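A.B. asks: Keeping the supplied structure of chain A fixed, place chain B upon it in accordance with the hints.
So the protein sequences, as listed, match chains A and B.
Quick note, in numbering that gives the first Met the number 0, the first sequence goes up one by one and the last residue is 278.
Quick note, in numbering that gives the first Met the number 0, the second sequence goes up one by one and the last residue is 278.
The reader is advised that the hints may include incorrect statements.
Copies of the same chain look alike in the list, so a pair counts if it fits in one copy or across any two.
[To be verified] Heads up, simulated DSSO-like pairs for lysine-lysine below, C-alpha to C-alpha not over 30 Å straight-line:
{"#": "1", "residue 1": "K169", "residue 2": "K200"}
{"#": "2", "residue 1": "K200", "residue 2": "K38"}
{"#": "3", "residue 1": "K8", "residue 2": "K252"}
{"#": "4", "residue 1": "K200", "residue 2": "K79"}
Because the hints were derived from the structure by calculation, they are not lab data.
As the structure is a computational prediction, the values presented were derived from the model and not from experiment.
What follows is each chain in one-letter form.
Number of protein chains: 2
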Amino acid sequence: MIIDKLIVKIQEMGNPTVVGLDPQPDFIPEGLSITEFNKGIIDAIFDIVPAVKPQIAFYERFGAPGIEAYFETIKMAKDKGMLVIGDVKRGDIASTAAAYADAHIGHAEHADFITINPYLGGDSVSPFLDNCRKFDKGIFVLVKTSNPGSADFQDLYVGDKYFYEIVGEKVAIWGEELIGEHGYSAVAAVVGATHPRILTKLRWYLPSVFFLVPGYGAQGGTAADICHAFDKDGSGAIINNSRGIIAAYKNEKYAGLDFAAAARAAAIQMRDEIKEVLS
Amino acid sequence: MIIDKLIVKIQEMGNPTVVGLDPQPDFIPEGLSITEFNKGIIDAIFDIVPAVKPQIAFYERFGAPGIEAYFETIKMAKDKGMLVIGDVKRGDIASTAAAYADAHIGHAEHADFITINPYLGGDSVSPFLDNCRKFDKGIFVLVKTSNPGSADFQDLYVGDKYFYEIVGEKVAIWGEELIGEHGYSAVAAVVGATHPRILTKLRWYLPSVFFLVPGYGAQGGTAADICHAFDKDGSGAIINNSRGIIAAYKNEKYAGLDFAAAARAAAIQMRDEIKEVLS
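Just chain A, same shape as in the assembly:
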C-alpha cells in the first residue's frame, strides 16, 4: 500500500521530510522555466529526501502550460524514485469529486497522494477513497491547517470537542479499510506545525492517521514543535518545507551555493535537526 511505501522510504533515508515544490516566480533564478527549476531541485535532493509536494496553485496560475509543468514535475520526481504528494486541496459534491479524483489520482502516473478539503462532508470524500483503493493512492485530508486563520472555523468548540477533532475522527473512520502493514492508513491528515499542542493531542487521539505537517520554517514551526507529530517509534508523520529548501539560495547562510546545492544543504540541515529532536 502506498502509505507503507512512504513509511519505508522515510525509514530508509532516516528523513521524515517532504520538499514543497512551490515555484513562486521570485524563487526561480532568472532564465529558468518552472520545470527546469524543479528538475534542479529534484536532482539535488532525490537521494536524501523521500518525497516532494508540488502546490498546484503555483502551476495553475500559468494556465494550461502551468498544468503541463505540474504533471511533468510529478513525472520527474517519480522517475527519480521519489514519492509525490499533489497539494491540490480539492473537494466538491460526489459527481464532481469523482472528476477531481480522476484528474489527480486516477492514473499510475499521477501523484501518489493528494490533499483534500473535507468541508463538503463524507460523500464528497468517497470518490477519492474509491480511487485510493483502485489505484493504490492516498489522501491527506485537511484537519488543522498551519495558518492563523485556521482558528476561525477549525477551532470552533462543538459540544465537547473542537471542530478539527470531529474532522480528525471522520478521517480515521474513512481510512479504516485502508490501513497498511505499518498501522497507518492511506487516508491521512494535514495538521500544521504551528500548533504543537494540537499535534500532540491528535497524535494520541488518531493512532492510525498519518500526518502531513506543513508550517515548518518560514511559517514559524520549529523542530521542537513538530516532534509531537511522531509516534513513539519516530514514525507517523512527514514534515513539509517549501521555501526554506527551494529558496535556500537566497539565504545568507548558503551564500555562494547555486539554488540546487543550497536546497541540498538546507534539506540535509532540516533532516539533521529533526533527527536530533527525535533521538
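C.D. replies: Okay, now just chain B, sitting in the frame of chain A:
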C-alpha cells in the same frame, strides 16, 4: 460592480438562472469536443440566460488541454455577453490563495466570479477579496452545500448557532466593503436548493449576501424550494442547473431536439417555472 451587473442582467432577462457547463463525457454527443459542445449550448441560450458556471473539475480531468477548454469556454460565454461563474472551490493559506486568485480572477478575461471553500478561514479568503477589488470580480463562498454529506460538518451545532450560520456571518463581514448599488455584496454565498428551510433562514439572516443556489433539478431541489432564496423583490439569488439543461436532449420530453435546442427549451421551462413561483 460585478454583482450589480449580474443583478441587472437577471432583471433584464427576467431569469435568475445560471447554466452549469459540466461537460461530463456521457453528456456530450459523439464526435464533439468539450469546446464545441459548450459553444452549442452558449449559442442556444445566451439571449435568455444571464450566466454560465463551468465546473472546472470536468475540464481539469483532461489535463492541460482541459484547462485550455475551460478558459476557452469562459471566453466564448463572455463574447456572447454572458456572465461567468468559475466553479473552482479553491481555498488555501494566504500565499497560495493569492496564486489561486491570480489564476482564476486575476485578469479581465478570467471568470467574473469564482466559488471559494472557506475551511481555512479569513486569512485564506483575503487574497480573493484583494482581487475582487482590483479587477472587479466576485466570489461565492461555500456556506451550505447541496449534497447530503453537507450535514457532516456544516450542520454541526456550535454554541447557539449552526456551523453554516457562523460561516454565513463571516461571509457577510468579508463582503461589507464590496456592497454594490443594489444592496448586495460581490462577496456572495453558495446555499443549496435542497435545504429550503435553511435558505429561508439565511435569506433573512444575511440580507447583503447574494446566493448561488445549486441542487435544482437532478439533485432534487424544486421551484417551490428555491423561491426561499429570493428577497421580497425577487432578487438576491441565482439558481444553477447543469445536467437538467445541458443534457436535456437525453430526456424523453425533448425527444427530436438536438442538444442545443433541447437546452434552450429546458432553460425556457426553468425560467418560466421560477417566474411562476416568484409571482
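A.B. asks: If a hint holds in the structure, say so; if it doesn't, say that too.
C.D. replies: We went through each hint and held it up to the structure:
1. Taking identical chains as interchangeable, the C-alpha atoms of K169 and K200 lie at most 30 Å apart whether they share a chain (16 Å) or sit on different chains (28 Å).
2. Proximity of K200 and K38 under a CA criterion of 30 Å is satisfied in neither setting, with 38 Å inside one chain copy and 53 Å between copies.
3. Only within a single protomer do K8 and K252 lie at most 30 Å apart by alpha-carbon distance; the minimum there is 29 Å, versus 58 Å between protomers.
4. Taking the shortest alpha-carbon separations for K200 and K79, neither the intra-copy value of 36 Å nor the inter-copy value of 55 Å comes in at or below 30 Å.
Checked against the numbered hints above, the structure breaks hints 2, 4 and satisfies the rest.
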